[in-house]
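For the record, the sequence lines run as chains A and B. Residue 388 in our numbering sits at position 327 of the first sequence; the count goes up by one each step and never skips. Residue 141 in our numbering sits at position 80 of the second sequence; the count goes up by one each step and never skips.
These aren't lab readings, by the way, just hints derived from the structure by calculation. Glycine residues also receive a C-beta, built at the ideal position from the N, C-alpha and C atoms. Incorrect hints may have been included.
Claimed, not checked - Covered stretches of chain A (in silico footprint by chain B; criterion: 3 or more residues with CB under 8 Å from a CB of chain B, positions within the stretch not fixed):
| # | region |
| --- | --- |
| 1 | 197-210 |
| 2 | 319-333 |
Said to hold, decoys possible - Derived DEER-like restraints, expressed as beta-carbon distance ranges:
| # | chain 1 | residue 1 | chain 2 | residue 2 | range |
| --- | --- | --- | --- | --- | --- |
| 3 | A | E65 | B | E225 | 58 to 66 Å |
| 4 | A | Q91 | B | E325 | 26 to 34 Å |
| 5 | B | Q156 | A | R359 | 35 to 43 Å |
| 6 | A | A84 | B | A107 | 39 to 47 Å |
Below are the chains, spelled out letter by letter.
There are 2 protein chains.
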Amino acid sequence: MTGETGLTPLHRLMADDLEQVNATIVQRMQSDVPLIPQLAGHIVAAGGKRLRPLLTLATARMCGHTGSRHIGLAASVEFIHTATLLHDDVVDESQLRRGLDTANSLWGNQASVLVGDFLFSRAFQLMVADGSLDVLRILSDASAVIAEGEVNQLLTANDTETDEGDYLDVITAKTAALFAAAARVGAVVAERPRAEEKALERFGRGLGIAFQLVDDVLDYSAEAEKLGKRVGDDFREGKITLPVVHAFARGDERERAFWRRCLEELDQREGDMAHAMELLHRHGALDAGIARAESYARDAREAISGFADGPIKDALLEALRFSTARAY
Amino acid sequence: MTGETGLTPLHRLMADDLEQVNATIVQRMQSDVPLIPQLAGHIVAAGGKRLRPLLTLATARMCGHTGSRHIGLAASVEFIHTATLLHDDVVDESQLRRGLDTANSLWGNQASVLVGDFLFSRAFQLMVADGSLDVLRILSDASAVIAEGEVNQLLTANDTETDEGDYLDVITAKTAALFAAAARVGAVVAERPRAEEKALERFGRGLGIAFQLVDDVLDYSAEAEKLGKRVGDDFREGKITLPVVHAFARGDERERAFWRRCLEELDQREGDMAHAMELLHRHGALDAGIARAESYARDAREAISGFADGPIKDALLEALRFSTARAY
Numbered sequence: 062m063t064g065e066t067g068l069t070p071l072h073r074l075m076a077d078d079l080e081q082v083n084a085t086i087v088q089r090m091q092s093d094v095p096l097i098p099q100l101a102g103h104i105v106a107a108g109g110k111r112l113r114p115l116l117t118l119a120t121a122r123m124c125g126h127t128g129s130r131h132i133g134l135a136a137s138v139e140f141i142h143t144a145t146l147l148h149d150d151v152v153d154e155s156q157l158r159r160g161l162d163t164a165n166s167l168w169g170n171q172a173s174v175l176v177g178d179f180l181f182s183r184a185f186q187l188m189v190a191d192g193s194l195d196v197l198r199i200l201s202d203a204s205a206v207i208a209e210g211e212v213n214q215l216l217t218a219n220d221t222e223t224d225e226g227d228y229l230d231v232i233t234a235k236t237a238a239l240f241a242a243a244a245r246v247g248a249v250v251a252e253r254p255r256a257e258e259k260a261l262e263r264f265g266r267g268l269g270i271a272f273q274l275v276d277d278v279l280d281y282s283a284e285a286e287k288l289g290k291r292v293g294d295d296f297r298e299g300k301i302t303l304p305v306v307h308a309f310a311r312g313d314e315r316e317r318a319f320w321r322r323c324l325e326e327l328d329q330r331e332g333d334m335a336h337a338m339e340l341l342h343r344h345g346a347l348d349a350g351i352a353r354a355e356s357y358a359r360d361a362r363e364a365i366s367g368f369a370d371g372p373i374k375d376a377l378l379e380a381l382r383f384s385t386a387r388a389y
Numbered sequence: 062m063t064g065e066t067g068l069t070p071l072h073r074l075m076a077d078d079l080e081q082v083n084a085t086i087v088q089r090m091q092s093d094v095p096l097i098p099q100l101a102g103h104i105v106a107a108g109g110k111r112l113r114p115l116l117t118l119a120t121a122r123m124c125g126h127t128g129s130r131h132i133g134l135a136a137s138v139e140f141i142h143t144a145t146l147l148h149d150d151v152v153d154e155s156q157l158r159r160g161l162d163t164a165n166s167l168w169g170n171q172a173s174v175l176v177g178d179f180l181f182s183r184a185f186q187l188m189v190a191d192g193s194l195d196v197l198r199i200l201s202d203a204s205a206v207i208a209e210g211e212v213n214q215l216l217t218a219n220d221t222e223t224d225e226g227d228y229l230d231v232i233t234a235k236t237a238a239l240f241a242a243a244a245r246v247g248a249v250v251a252e253r254p255r256a257e258e259k260a261l262e263r264f265g266r267g268l269g270i271a272f273q274l275v276d277d278v279l280d281y282s283a284e285a286e287k288l289g290k291r292v293g294d295d296f297r298e299g300k301i302t303l304p305v306v307h308a309f310a311r312g313d314e315r316e317r318a319f320w321r322r323c324l325e326e327l328d329q330r331e332g333d334m335a336h337a338m339e340l341l342h343r344h345g346a347l348d349a350g351i352a353r354a355e356s357y358a359r360d361a362r363e364a365i366s367g368f369a370d371g372p373i374k375d376a377l378l379e380a381l382r383f384s385t386a387r388a389y
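Put together the whole structure using the sequences plus the hints.
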């Protein structure tokens with residue numbers, strides 16, 4: 062062991078594969094219409110952790126795949142993710158993503174919608190080039206579930222009556238479905254039995270939910286700034302996440318009136334954010350979110366317990382540990 | 062012959078198949094998220110001519126297909142079309158489509174973007190259920206081309222320097238690519254040789270271009286109102302279509318200044334529309350558009366000359382004749 066933590070072991074082990082994925086992404090986002098690679102390049106470069114394609118790469122290798130089919134499919138997964146980010150930012154009217162101007166703020170909503178459609182089509186072209194109907198089924202199913210989750214989120218937005226079940230439904234669909242599909246695809250390309258596909262799907266789902274739960278906690282946590290996030294975005298937009306659901310359920314009438322004013326009516330005043338933090342701490346809402354994340358992470362760990370030990374499995378388990386540990 | 066004209070013979074011959082397609086569409090647009098079937102139902106019901114799925118149905122039957130694979134694939138084609146309409150209306154900020162409120166004007170841009178994504182995913186799920194990688198390739202390629210065409214149209218919008226080649230590129234991509242793919246799929250499900258696939262693709266492309274060219278002419282024609290269209294929408298939005306390209310190219314400096322003011326700067330005044338019509342007539346721009354459409358229709362007719370004669374082929378040829386004849 063090198064003592065590396067977080068996503069570092071995964072990135073190091075998959076560095077060569079990931080470089081090929083990045084090359085495929087750049088190659089397949091080309092078009093005779095110059096705005097397409099320009100806009101797509103902006104969001105792909107802003108790119109973040111590449112966690113979803115890394116899952117496909119790592120699970121394929123862990124399952125013994127020695128070819129290169131996982132490269133194109135990992136790029137396909139990233140294209141689906143990128144398309145949803147472009148459409149998300151239009152839907153949320155976001156101006157910033159990871160500290161950079163969003164594509165919609167630079168090129169307009171229209172171009173973001175259409176380039177998202179283009180990348181989504183490219184994702185399917187990459188799957189077709191690979192030729193596995195199983196992979197096409199897994200990723201088209203995931204895409205439909207993601208879109209359903211996004212519509213569902215639109216309907217629960219600013220609704221303080223959202224309960225924990227509703228919230229978990231939304232993040233399972235909009236975030237975890239692609240993690241689950243990305244991980245499962247690794248077993249498909251390695252031609253492993255269906256039970257291993259399902260085990261990796263469960264691993265991906267648990268990891269995805271844990272990541273999203275902790276992201277939502279970090280939005281109310283001083284730790285967030287260390288990770289380069291802006292604290293309070295969800296609060297300002299009136300997003301209903303688990304910490305709020307928890308505190309609202311346990312709050313008295315006066316507290317509920319406060320949440321309704323801030324998150325439903327979006328009538329926010331000086332000191333409201335500080336008061337929200339105080340309420341969340343009073344009801345242990347952040348700890349509750351982390352505890353929930355840890356339970357999904359445990360389920361994910363359990364899901365891959367049957368795979369032989371080795372450096373890639375260790376790296377996946379470390380990524381899993383990091384998904385909740387980064388909350389502290 | 063019954064003396065039926067237009068799309069009637071095609072609709073009559075394919076009535077049973079089309080009913081199954083409509084049932085499939087209704088069934089596959091369901092979701093646990095009630096807004097999805099609500100919004101999708103609105104645009105599917107507003108539905109129009111179902112020309113694209115009819116192409117898949119008719120070409121499959123003409124090629125001798127006796128099974129029911131063409132049903133799900135025709136529904137898939139219509140889902141792709143519907144998804145692009147939803148996104149188009151967001152991009153164009155349209156309030157009306159075929160005289161009805163658009164989905165975006167009723168439920169907002171956000172829901173239209175996301176339900177479009179959902180229908181697009183459903184289209185791929187239907188193709189996966191059919192199981193033909195050839196069909197998946199044809200329709201994912203078409204989807205990418207459509208998105209490219211839409212972005213391209215965004216860039217040429219309000220640009221009076223657009224030439225005929227640019228305009229034809231846009232409509233070939235954004236309209237004719239799906240007609241071409243829809244027709245080609247018929248040969249694939251009937252397992253006909255590649256040459257027949259290509260012939261039907263060429264037929265669909267020619268038909269699609271002819272339809273779009275005549276649609277663009279009708280936007281400046283008194284005939285349009287008989288067909289339930291609103292005259293002058295393209296002019297008001299500053300869309301650059303073939304009639305304008307033609308008149309601009311042949312106009313003097315004063316006329317060009319007029320087109321620039323109206324279509325680039327969107328500075329439109331009382332009497333401008335009438336003056337535009339006068340300029341289009343002076344330069345024979347509408348006739349030029351129709352002549353161009355007729356040349357594409359001839360190419361489409363030529364493309365299927367090798368198929369055995371029969372009622373379905375006759376109906377396709379009548380649809381083709383109608384694509385340009387409705388201009389008069």
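Outcome of the hint check:
1. Here the region 197-210 of chain A counts 9 residues with a CB under 8 Å from a CB of chain B, which clears the bar of 3, and the coverage holds.
2. Residues of the region 319-333 of chain A with a Cβ under 8 Å from some Cβ of chain B number 0, which does not satisfy the need for three, so the listed coverage is violated.
3. Between E65 of chain A and E225 of chain B the C-beta distance comes to about 60 Å, which sits within the given range of 58 to 66 Å.
4. For Q91 of chain A and E325 of chain B, the Cβ-Cβ distance of about 30 Å falls inside the hinted range of 26 to 34 Å, so the restraint holds.
5. For Q156 of chain B and R359 of chain A, the hinted distance range of 35 to 43 Å is not satisfied, since their beta carbons lie about 52 Å from each other.
6. Between A84 of chain A and A107 of chain B the CB atoms are about 44 Å apart, so this pair conforms to the stated range of 39 to 47 Å.
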